[in-house]
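Residue numbers (this note's numbering): 12 to 110.
Because the hints were derived from the structure by calculation, they are not lab data.
It is possible that some hints are incorrect.
Label-pair restraints from in silico Cβ distances [to be verified]:
{"no.": "1", "residue 1": "105", "residue 2": "28", "range": "31 to 39 Å"}
{"no.": "2", "residue 1": "78", "residue 2": "49", "range": "19 to 27 Å"}
{"no.": "3", "residue 1": "86", "residue 2": "38", "range": "22 to 30 Å"}
{"no.": "4", "residue 1": "78", "residue 2": "41", "range": "23 to 31 Å"}
{"no.": "5", "residue 1": "102", "residue 2": "76", "range": "17 to 25 Å"}
{"no.": "6", "residue 1": "66", "residue 2": "102", "range": "30 to 38 Å"}
{"no.": "7", "residue 1": "73", "residue 2": "34", "range": "21 to 29 Å"}
{"no.": "8", "residue 1": "49", "residue 2": "77", "range": "32 to 40 Å"}
{"no.": "9", "residue 1": "97", "residue 2": "34", "range": "37 to 45 Å"}
{"no.": "10", "residue 1": "42", "residue 2": "101", "range": "30 to 38 Å"}
Remember, it's a predicted structure, so these values are computed and weren't measured experimentally.
Cβ atoms here follow ideal geometry from the backbone N, Cα and C, with glycine treated the same way.
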Amino acid sequence: MPKRSLGLIWNALPLVYGIVPVLVGAAVLRRSQSESASLVAFGALFFLGGTIMMSSALWSLVDSERSLPLLTCGVTSILSAALFAWATLSDVLPCSGPD
């Protein structure tokens, strides 16, 4: 069995970060009946972004010769962070504590 290089393991780090949006998106979508439409859209887009990050990280493990999987993961990561910032700043996410 061939040894994995450190660079290949480094390429797989987005796989770990992609788990967070998938879990947050799934938690929001699980409670979608009682949430607003904008929060459900946020959850669906965040779940989709995490799925794309995880699949591109797996793709980079299989095909380490190309940079397209890492580019896809990087762009998706930036878009997910922007989506999260937008949802936080526009009060789509309920971030406040008890009044």
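Here is how each hint holds up against the structure:
no., hint, verdict
1, 105 x 28: 31 to 39 Å, "violated (24 Å)"
2, 78 x 49: 19 to 27 Å, "violated (35 Å)"
3, 86 x 38: 22 to 30 Å, "holds (24 Å)"
4, 78 x 41: 23 to 31 Å, "violated (35 Å)"
5, 102 x 76: 17 to 25 Å, "violated (45 Å)"
6, 66 x 102: 30 to 38 Å, "holds (31 Å)"
7, 73 x 34: 21 to 29 Å, "holds (24 Å)"
8, 49 x 77: 32 to 40 Å, "holds (36 Å)"
9, 97 x 34: 37 to 45 Å, "violated (20 Å)"
10, 42 x 101: 30 to 38 Å, "violated (19 Å)"
Hint violations for this structure: numbers 1, 2, 4, 5, 9 and 10, all remaining hints satisfied.
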